[in-house]
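With this note's numbering applied, the sequence shown corresponds to residues 1 to 204, in that order.
The hints are simulated quantities; they were obtained by calculation from the structure and are not laboratory data.
Every value quoted in this text rests on a predicted model; they were computed, and no experiment measured them.
Note that beta-carbon positions come from the ideal geometry of N, C-alpha and C, so glycine has one too.
Warning: the hint list may mix true and false statements.
Listed next, the in silico DSSO-like pairs over lysine-lysine satisfying Cα-Cα at most 30 Å (straight line) [claimed, not checked]:
(1) Lys97 - Lys189
(2) Lys142 - Lys189
(3) Lys96 - Lys37
(4) Lys171 - Lys97
(5) Lys142 - Lys97
(6) Lys142 - Lys171
(7) Lys201 - Lys171
(8) Lys114 - Lys189
(9) Lys116 - Lys37
(10) Lys201 - Lys114
(11) Lys37 - Lys97
(12) Lys150 - Lys116
(13) Lys150 - Lys201
(14) Lys97 - Lys116
(15) Lys114 - Lys97
(16) Lys171 - Lys96
(17) Lys201 - Lys116
(18) Lys9 - Lys116
(19) Lys116 - Lys152
(20) Lys150 - Lys194
(21) Lys114 - Lys96
(22) Lys152 - Lys201
(23) Lys194 - Lys152
(24) Lys96 - Lys150
(25) Lys96 - Lys189
(26) Lys150 - Lys189
(27) Lys201 - Lys142
(28) Lys189 - Lys171
(29) Lys194 - Lys114
(30) Lys150 - Lys114
(31) Lys116 - Lys96
Distance ranges between label pairs, derived from CB positions [what the hints assert, rightly or not]:
(32) Asp134 - Tyr36: 20 to 26 Å
(33) Phe33 - Asp103: 38 to 44 Å
(34) Asp139 - Arg175: 18 to 24 Å
(35) Tyr36 - Arg175: 23 to 29 Å
(36) Phe33 - Leu191: 26 to 32 Å
(37) Ala18 - Asp103: 49 to 55 Å
(38) Glu115 - Arg175: 29 to 35 Å
(39) Leu191 - Met107: 17 to 23 Å
(40) Leu191 - Pro67: 18 to 24 Å
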Amino acid sequence: MIIKNIEAKIRLAVFISAGSLLTAVVIVCINCFYAYKMVSNAQKSIYILDNSVPILARQTDMQLNRPAEYRAHVDLFHSIFFSLTPDDHYMEYQMKKAMYLIDESGMQQYNDLKEKGFFNSILSSSSVLTLETDSVTIDLPKHYFRFYGKLKIDRRSSTVVRSLITEGYLKDIPRSDNNPHGVLITGWKTLENKDLEDVEKNTF
Numbered sequence: 001m002i003i004k005n006i007e008a009k010i011r012l013a014v015f016i017s018a019g020s021l022l023t024a025v026v027i028v029c030i031n032c033f034y035a036y037k038m039v040s041n042a043q044k045s046i047y048i049l050d051n052s053v054p055i056l057a058r059q060t061d062m063q064l065n066r067p068a069e070y071r072a073h074v075d076l077f078h079s080i081f082f083s084l085t086p087d088d089h090y091m092e093y094q095m096k097k098a099m100y101l102i103d104e105s106g107m108q109q110y111n112d113l114k115e116k117g118f119f120n121s122i123l124s125s126s127s128v129l130t131l132e133t134d135s136v137t138i139d140l141p142k143h144y145f146r147f148y149g150k151l152k153i154d155r156r157s158s159t160v161v162r163s164l165i166t167e168g169y170l171k172d173i174p175r176s177d178n179n180p181h182g183v184l185i186t187g188w189k190t191l192e193n194k195d196l197e198d199v200e201k202n203t204f
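Given the sequences, and given the hints that come with them, work out the whole structure.
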């Protein structure tokens, strides 16, 4: 009987010890988790000194704003590439700026348009091209975009409005002065570029 009591007390002591150890491990894990969260939140907060007085400034998480940056980048590229005036130096300058925002697919489309006489036709007809963005849709998991816009071509004799739809993918790269959003457009293709209206001007 005494031996059974001793065995029961030993089992109870082992149970209590194991329970205490498990509880301690759980408490330590919880503390580590909250400490990690506190450090992460602290890293998102920066202080600016104003006459030796620290002022809290909240740092924005880059990923929260990334979809807006993607849309702005796509809009910027298309605006630079398609908004042109009949000035060969200006068009060359615009193309140079645009190529910082896209991979070799942009240069390929530029060369294709050049071979078809697109830029020469702008010069010869004194056309002014203005691009109006309708919308930019982003598939964030796939880093895919589709651009919808209208291209207005204002010539001496007429005004043409074209529907422009393009697609491509987005690749994150380091930011620079020439690429402030830190995004590179890849695999760029034109899906639609058709006339919506062609209005002749009164030349009298």
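We went through each hint and held it up to the structure:
1. Lys97 - Lys189: holds, 19 Å
2. Lys142 - Lys189: holds, 16 Å
3. Lys96 - Lys37: violated, 45 Å
4. Lys171 - Lys97: Measuring from Cα to Cα gives roughly 18 Å; hence the hint holds.
5. Lys142 - Lys97: holds, 26 Å
6. Lys142 - Lys171: Measuring from Cα to Cα gives roughly 10 Å; hence the hint holds.
7. Lys201 - Lys171: Answer violated: lysine 201 to lysine 171 is near 43 Å, above 30 Å.
8. Lys114 - Lys189: holds, 16 Å
9. Lys116 - Lys37: violated, 58 Å
10. Lys201 - Lys114: holds, 27 Å
11. Lys37 - Lys97: violated, 42 Å
12. Lys150 - Lys116: holds, 21 Å
13. Lys150 - Lys201: The given pair, whose Cα atoms are some 20 Å apart, holds under the 30 Å limit.
14. Lys97 - Lys116: holds, 22 Å
15. Lys114 - Lys97: holds, 17 Å
16. Lys171 - Lys96: Holds, because 19 Å separates the two Cα atoms, which is no more than 30 Å.
17. Lys201 - Lys116: The given pair, whose Cα atoms are some 25 Å apart, holds under the 30 Å limit.
18. Lys9 - Lys116: violated, 94 Å
19. Lys116 - Lys152: With Cα atoms ~19 Å apart, lysine 116 and lysine 152 stay inside 30 Å; holds.
20. Lys150 - Lys194: holds, 10 Å
21. Lys114 - Lys96: holds, 14 Å
22. Lys152 - Lys201: holds, 14 Å
23. Lys194 - Lys152: holds, 11 Å
24. Lys96 - Lys150: Given that 30 Å is the threshold and the Cα spacing comes to 23 Å, the pair holds.
25. Lys96 - Lys189: Answer holds: lysine 96 to lysine 189 is near 19 Å, not above 30 Å.
26. Lys150 - Lys189: This hinted pair holds, its Cα atoms lying about 16 Å apart.
27. Lys201 - Lys142: violated, 45 Å
28. Lys189 - Lys171: OK: lysine 189 and lysine 171 at ~16 Å, within 30 Å.
29. Lys194 - Lys114: holds, 18 Å
30. Lys150 - Lys114: holds, 21 Å
31. Lys116 - Lys96: holds, 19 Å
32. Asp134 - Tyr36: 20 to 26 Å: violated, 44 Å
33. Phe33 - Asp103: 38 to 44 Å: Holds: the Cβ-Cβ distance is about 42 Å, inside 38 to 44 Å.
34. Asp139 - Arg175: 18 to 24 Å: Hint holds: Cβ distance 23 Å, inside 18 to 24 Å.
35. Tyr36 - Arg175: 23 to 29 Å: For arginine 175 against tyrosine 36, whose Cβ atoms are near 28 Å apart, the range 23 to 29 Å holds.
36. Phe33 - Leu191: 26 to 32 Å: violated, 48 Å
37. Ala18 - Asp103: 49 to 55 Å: Since alanine 18 and aspartate 103 have Cβ atoms about 60 Å apart, the given range 49 to 55 Å is violated.
38. Glu115 - Arg175: 29 to 35 Å: holds, 33 Å
39. Leu191 - Met107: 17 to 23 Å: holds, 19 Å
40. Leu191 - Pro67: 18 to 24 Å: holds, 21 Å
Violated hints, in rising order: 3, 7, 9, 11, 18, 27, 32, 36 and 37; the structure is consistent with all others.
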